[in-house]
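Trainee: One-letter residues, chain by chain:
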Amino acid sequence: MKKDNPDHNPLPLKDAIRDQASSENLVPEQLNDLMAMQRAVLDDKPQPVRQFPYWLTAAAACLVLVVSFFVWNTSNEQYAREIALEVVENHLKLKPMDVRTQSMTEIQSFFTQLDFSPAQSSLLENQFDLPEQLMIGGRYCSVKGVTAAQLRYRGTDDQLRTFYEVGYDEDKFGRMPDIDKGETPQEIIVKGLKVTMWVEKGLLMALVKDM
Amino acid sequence: MSEQVLNEAQLQQLYQYAMVLSQHRDDAYDLLQSAIESYLVTVKRGSPTIDCPEAYVRTLIRNRYIDHYRYRRRWSSESFEELALYDISPVDLEKVVIDNSELEHLWAKLSVEDRDILYHWAVLGYSTDEACALMDMPRGTFLSRIHRLRKRCLAISKPLSGAQE
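The listed protein sequences correspond, in order, to chains A and B. Throughout the first sequence, residue numbering follows our numbering, covering -8 to 202 in sequence. Throughout the second sequence, residue numbering follows our numbering, covering 73 to 237 in sequence.
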């Protein structure tokens, strides 16, 4: 395919490059194949319903999005309800406490079997008016099979509240509002009790109190 | 649709461009074929009108080659603007004379980017500004490449000219 170029006469660079570039050519079979390929596609009539698949694709994509969101939302609600039911059952059973104290430091030193360290919740103190001094003790419990801490508070109205802390794992507990990100805690009413749940300091926290 | 069909002369020129980049006949044909397939799909979809199919396919070839080349080695991606000013008036390159066999020897040693530049300059007749815009290459990079190219070409052509004298 290369042109025979026996002469060694110097040429302007531009001409030499043109010669160099044009020295390579498609063989007739390749050329025919490419021409046939083009004709086969371009000689076909254009598809009249070209817009329909786009519309259908967009509608299908929207549907998938809506269904995915619905499934995601439903599964999150389901998670939240399961957790609420479990902590409410713990609240109603009111098993004996493992430790009696009003000090979070003592709570932290007592709960050594947890894979997290119990923490004082800012929300509990500020919004629910349950400072450390109103705590009366705590016990081990579990939330969805994960070992958790149940702390008990006696409010100024003399009513008992149970407060739960467990290491937060989104895969296990679903998506929960994180107050450190400015999100609002989730509230669920179960068996006549109000359960408030949120994530704070990397822990899933739940407060159960009478309505 | 006939105006959208690439004729034989255009196909030959596109193949030659693919050869300039790949320096390998099978690769060049694969590049050309896949670029045309992509072009035909675009036309068939009725996407925005392609004014110049040849230029469109040439760009497809270049992009496909860059992707492939990046995968194998790494397409040079200098983004710096060299501060030095180079005298790259077209006349300088126009003045260079070279023997075909010498060019063939040089051609194989040039980087793919340099061959691309020379092709745009010599065969497609682009100005430096147009070539920069087309190849998405910073002007400083382009100028320094031309500067180095000219030195290489002169290094070859000078002894040749001396021999002629």
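Just so you know, these hints were derived from the structure itself, not from any lab. This one's a predicted model, so the numbers in the text were calculated from it and none came from an experiment. Treat the hints with care, as some may be off.
[Stated by the list, open to error] Here are the simulated lysine-lysine pairs, DSBU-like style, with alpha carbons at most 30 Å apart: (1) A/K172 to A/K84; (2) B/K223 to A/K5; (3) A/K5 to B/K181; (4) B/K223 to B/K181; (5) A/K192 to A/K172; (6) A/K84 to A/K163.
Trainee: Take the hints in turn and mark each one as holding or not.
Mentor: Hint by hint, here is what the structure shows:
Annotation: proposed proximity of A/K172 to A/K84 is violated, straight-line Cα distance about 34 Å (limit 30 Å). The straight-line distance between the Cα atoms of B/K223 and A/K5 is roughly 15 Å, inside the 30 Å bound, and the hint therefore holds. Distance hint between A/K5 and B/K181 is fulfilled; the C-alpha atoms sit about 18 Å from each other, no more than 30 Å. Between B/K223 and B/K181 the alpha-carbon distance is near 14 Å, which keeps this suggested pair within the 30 Å criterion.
Note on A/K192 and A/K172: the hinted pairing holds, with a Cα-Cα distance of about 10 Å set against a maximum of 30 Å. Distance hint between A/K84 and A/K163 is fulfilled; the C-alpha atoms sit about 24 Å from each other, no more than 30 Å.
Hint 1 alone, counting from the list given before, is not met by this structure.
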